[in-house]
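Chain by chain, the residues:
Number of protein chains: 2
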Amino acid sequence: MATATVTKGLEGVVAANSGICWIDGYAGVLAYRGIDIHELAQKSTFEETSYLLWYGRLPGRSELKEFSKRLTEARRVPPQIYDLFRALPKSVTPMEALRTAVSALSAYDPDESAVDHDSNLRKSFALTAQMAMLVAAFDRIRKGKKVVEPDPSLPHAANFLWMLHGEKPIPAASNTFDIALILHADHEFNASTFAARVIAGTLSDMHSAITGAIGALKGPLHGGANEAVMRMLFDIAKQGGDPVEYVRSLLAHKKKVFGFGHRVYRTEDPRATHLRRMSEQLSRDSGNTKWYEMSRRIEEFVKNEKKLNANVDFYSASTYTTLGIDLDLFTPIFAVSRIAGWTAHVMEQLGDNRLIRPRAEYTGPEYPVRYVPIEQR
Amino acid sequence: MATATVTKGLEGVVAANSGICWIDGYAGVLAYRGIDIHELAQKSTFEETSYLLWYGRLPGRSELKEFSKRLTEARRVPPQIYDLFRALPKSVTPMEALRTAVSALSAYDPDESAVDHDSNLRKSFALTAQMAMLVAAFDRIRKGKKVVEPDPSLPHAANFLWMLHGEKPIPAASNTFDIALILHADHEFNASTFAARVIAGTLSDMHSAITGAIGALKGPLHGGANEAVMRMLFDIAKQGGDPVEYVRSLLAHKKKVFGFGHRVYRTEDPRATHLRRMSEQLSRDSGNTKWYEMSRRIEEFVKNEKKLNANVDFYSASTYTTLGIDLDLFTPIFAVSRIAGWTAHVMEQLGDNRLIRPRAEYTGPEYPVRYVPIEQR
Numbered sequence: 082m083a084t085a086t087v088t089k090g091l092e093g094v095v096a097a098n099s100g101i102c103w104i105d106g107y108a109g110v111l112a113y114r115g116i117d118i119h120e121l122a123q124k125s126t127f128e129e130t131s132y133l134l135w136y137g138r139l140p141g142r143s144e145l146k147e148f149s150k151r152l153t154e155a156r157r158v159p160p161q162i163y164d165l166f167r168a169l170p171k172s173v174t175p176m177e178a179l180r181t182a183v184s185a186l187s188a189y190d191p192d193e194s195a196v197d198h199d200s201n202l203r204k205s206f207a208l209t210a211q212m213a214m215l216v217a218a219f220d221r222i223r224k225g226k227k228v229v230e231p232d233p234s235l236p237h238a239a240n241f242l243w244m245l246h247g248e249k250p251i252p253a254a255s256n257t258f259d260i261a262l263i264l265h266a267d268h269e270f271n272a273s274t275f276a277a278r279v280i281a282g283t284l285s286d287m288h289s290a291i292t293g294a295i296g297a298l299k300g301p302l303h304g305g306a307n308e309a310v311m312r313m314l315f316d317i318a319k320q321g322g323d324p325v326e327y328v329r330s331l332l333a334h335k336k337k338v339f340g341f342g343h344r345v346y347r348t349e350d351p352r353a354t355h356l357r358r359m360s361e362q363l364s365r366d367s368g369n370t371k372w373y374e375m376s377r378r379i380e381e382f383v384k385n386e387k388k389l390n391a392n393v394d395f396y397s398a399s400t401y402t403t404l405g406i407d408l409d410l411f412t413p414i415f416a417v418s419r420i421a422g423w424t425a426h427v428m429e430q431l432g433d434n435r436l437i438r439p440r441a442e443y444t445g446p447e448y449p450v451r452y453v454p455i456e457q458r
Numbered sequence: 082m083a084t085a086t087v088t089k090g091l092e093g094v095v096a097a098n099s100g101i102c103w104i105d106g107y108a109g110v111l112a113y114r115g116i117d118i119h120e121l122a123q124k125s126t127f128e129e130t131s132y133l134l135w136y137g138r139l140p141g142r143s144e145l146k147e148f149s150k151r152l153t154e155a156r157r158v159p160p161q162i163y164d165l166f167r168a169l170p171k172s173v174t175p176m177e178a179l180r181t182a183v184s185a186l187s188a189y190d191p192d193e194s195a196v197d198h199d200s201n202l203r204k205s206f207a208l209t210a211q212m213a214m215l216v217a218a219f220d221r222i223r224k225g226k227k228v229v230e231p232d233p234s235l236p237h238a239a240n241f242l243w244m245l246h247g248e249k250p251i252p253a254a255s256n257t258f259d260i261a262l263i264l265h266a267d268h269e270f271n272a273s274t275f276a277a278r279v280i281a282g283t284l285s286d287m288h289s290a291i292t293g294a295i296g297a298l299k300g301p302l303h304g305g306a307n308e309a310v311m312r313m314l315f316d317i318a319k320q321g322g323d324p325v326e327y328v329r330s331l332l333a334h335k336k337k338v339f340g341f342g343h344r345v346y347r348t349e350d351p352r353a354t355h356l357r358r359m360s361e362q363l364s365r366d367s368g369n370t371k372w373y374e375m376s377r378r379i380e381e382f383v384k385n386e387k388k389l390n391a392n393v394d395f396y397s398a399s400t401y402t403t404l405g406i407d408l409d410l411f412t413p414i415f416a417v418s419r420i421a422g423w424t425a426h427v428m429e430q431l432g433d434n435r436l437i438r439p440r441a442e443y444t445g446p447e448y449p450v451r452y453v454p455i456e457q458r
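In order, the protein sequences belong to chains A and B. Sequential numbering from 82 applies to the first sequence in my numbering. Sequential numbering from 82 applies to the second sequence in my numbering.
These are computed hints drawn from the structure, not numbers from a lab. Incorrect hints may have been included.
[Unchecked claim] A short, non-exhaustive set of chain A residues, derived as facing chain B with CB atoms under 8 Å: (1) Gly-141; (2) Val-173; (3) Ala-276; (4) Gly-282.
[What the hints assert, rightly or not] Some but not every residue of chain B turned toward chain A, in silico, with C-beta under 10 Å: (5) Ile-104; (6) Leu-121; (7) Gly-293; (8) Ala-297.
For glycine and all other residues, C-beta sits at the position ideal for the given N, C-alpha and C.
Isolated chain A, as found in the complex (with noise of 0.2 Å):
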């Protein structure tokens, strides 16, 4: 113990084997079961991609038939997680009512403590249609609309866009978001993922370890990044300056820009490639290109500045703008994605597992310390 190396976050340290995700940070690969993100991000479904990473390879036409079906039919809430909704306090963030119905789902499952494989896919299923509608039927209960029933005739992403908006989506938006999906869906050992594993490493049950995820996804070093990107354009629309004198003052104040670098990626991070021109799709189309130019300007000044890349969360910022989702939604989009690798995740780890309980350094007073009488302090 005393002479151990400590290394903060677990930074470079390999905490398990993992057959889910490759990441390159050097050359900038970001692959699914070995498959390159830039072509599930152009050939791929939300749909074909959970059954990538749920069943380590892609599946036939009639394979993906019934996984949709199946996913589809798993559509399902009970009423009750909305009446918990409405009975949140108007204050609570989407996060919040997210983790906690999450959470509160397991008292619906028909075997929440099962941990075997059969009974987690299943959950799997359930928690990624679920996941979608809670976040689509909260933001409708808090604007206090009616919750939109989903629709059987939809693929995943674009009944999340009609279950939010009440409106069926056009198919530039359900493709762009669905890609926004395939992107997110998985990153390795990220944080939530992490919580996720080593709460299912101890054998409790899968909705334990989605809302822990839940839980750490809602941190701003996590997922918060693209919020605080958006919050930044508003911020300099609103003021009417420059963006690059805006980002200028930033840095020389020693403040942080969001969407820039990862810790894992040395060059530009592969999702952003995708995002920028989703991005400049969705503004040409609407004809509203306010967010994505100024997006450019400030990649390109920050990049020169201080050789920063544009990472994932830069220009999602502005394509779920562009798609009409409120600020406080981002990171919920971000759990209605990544809930597919979450449970990948879950599933591996239990098909060869370990409790995952490292050590500590101890730096506290050094043993023994004497306890004394109170009446002696």
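Using the hints, position chain B against chain A.
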């Protein structure tokens, strides 16, 4: 990455510095802030021990008085949380209810997203007081009994027994329960505490971290062992056979005997010493020595046969049963104690924070796997 050594379960990996808990597994030493657990069990109280964990030293007399007053005043649970308990399905387990309630409680916190030290200290008082109230109230509600109001004249341990049973506990019961709370209050980077630190490391809020910790504690490899011990004792009593023969048969069938061995301790778990003593004393006082005698014989047999020592869970089973506590409250009671340690660790993590994000050793299909169009699969 490719040449990294993977330590399954992070066993022996030093994840961070910590000044809270000192464990010497070879010497069988457990100490909080350097003070031996034996001294604390004999001389301290749960309140004083919580002070020690949070502030790093024993309090002076007026400091302890102020601390206890603040903890007593924090005994407030919004009635909506009890309504939430009532709204959950009858089949809900206490750990699911506790996890959901703690998650929901953030919505009533005046500054839920704040992670500065003062806010977290305030939340530590609140959650420590509330955890005990939630467990007691949930048990009353599920039994169709009235929730008992907290009694400000009673210290933490006694107030819990009062709220659980609706009767003023005898001093021996309060004292035993107080010691049990001291013994379980912290244990370095156990899985639930580590989960809490992973979550807090994203700068997520205290309630998220504690919700995740409850989820981890719920797992049978972590918090469930004393419940499993007691189920075994009940089963032995029901079958009416000899305890030693029962356990011999378990071992012969390669089945796990819960309550023995520990990943960290190579000698007797120092907490077991006190729980054995308390179990014996309580059983004498109550005139019901059955569970203690049975435990003693099993302990002796397993020690001789397998060279395994009883751990913290083995005698807590008979102790809690003699205190009139239901089997499925054993793990929630663990949370009632460990909340002191969880909150101490969250505050320590944030005092010198770094996002906890390890890497995986990739074992999946070699990159790049080609995306084969669906018609060609």
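For each hint, the structure was consulted:
At about 5 Å, the closest approach between the beta carbon of A/Gly-141 and any beta carbon in chain B falls short of 8 Å, and the interface hint on this residue holds. The criterion of a C-beta within 8 Å of any C-beta in chain B is met by A/Val-173, whose closest approach is roughly 4 Å, and the hint holds. Look at A/Ala-276: its Cβ gets to within about 5 Å of chain B, closer than 8 Å, so that hint holds up. Because the closest C-beta pair between A/Gly-282 and chain B is about 6 Å apart, less than 8 Å, the hint holds.
For the restraint placing B/Ile-104 at the interface with chain A, the shortest Cβ-Cβ distance is roughly 8 Å, inside the 10 Å limit, so the hint holds. A distance limit of 10 Å between C-beta atoms decides the matter here; for B/Leu-121 the minimum to chain A is near 7 Å, and the interface restraint holds. About 3 Å separates the beta-carbon of B/Gly-293 from the nearest beta-carbon of chain A, less than 10 Å, and the hint is met. A distance limit of 10 Å between C-beta atoms decides the matter here; for B/Ala-297 the minimum to chain A is near 4 Å, and the interface restraint holds.
Comparing the model with each earlier hint shows no violations; every hint is respected.
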